[in-house]
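Under the numbering used here, the first residue of the sequence shown carries the number 39, and numbering increases by one thereafter.
A portion of the hints provided could be inaccurate.
If you anchor each label on the Cβ, the simulated ranges turn out as follows [said to hold, decoys possible]:
no.: 1; residue 1: Ala-42; residue 2: Asp-155; range: 25 to 31 angstroms
no.: 2; residue 1: Arg-160; residue 2: Ala-54; range: 31 to 37 angstroms
no.: 3; residue 1: Ser-61; residue 2: Arg-167; range: 34 to 40 angstroms
no.: 4; residue 1: Thr-63; residue 2: Asp-159; range: 21 to 27 angstroms
no.: 5; residue 1: Gly-166; residue 2: Phe-99; range: 25 to 31 angstroms
no.: 6; residue 1: Thr-63; residue 2: Arg-160; range: 21 to 27 angstroms
Treat the hints as calculated values from the structure; they're not laboratory data. Glycine included, each C-beta is placed from N, C-alpha and C at the ideal position.
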Amino acid sequence: MRQAVDASGCILLKDAAAARFASCTALQSVNFGRCRLLTDRAAEHLARCACLQSVDFRGCFELTDRAAEHLARCAALQSVNFGACNKLTDRAAEHLAAAEHLARCAALQSVNFWGCDKLTDRAAEHLGRGAPGALPLSAIRQLQGM
């Protein structure tokens, strides 16, 4: 049975809730879309979930590149949505691409940086270089400006 949490739109949700959800060791999917009070600490908590495959942080405006750095530790991660997380920079893509497990396997299939206006073409370079063959072109096209 897939273990999932959908708290999208819970605009008053804070990092402490992410810590509680992360205590579920079998957690595979989390949707925190539009949970505007969440910070990088939420991603830090979720990084403890060994089974985590999918994370949606779309519209979580307080996230920074550190969130991607934390999630890069999730070896099972297949999909991450940072859409409209406008504090993210090319460093976020660099963190995901540089993660040792991503250089060895093709787990990560989709990265969404739509609306992250601080990202440049360097983000696509990082992802393409860091995980050759892991990301389909359709995932890379979701980068701002492509």
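Checklist entry - Which hints, by number, does the structure contradict? => result Hints 4 and 6 are the ones this structure does not satisfy, whereas the remaining hints hold.
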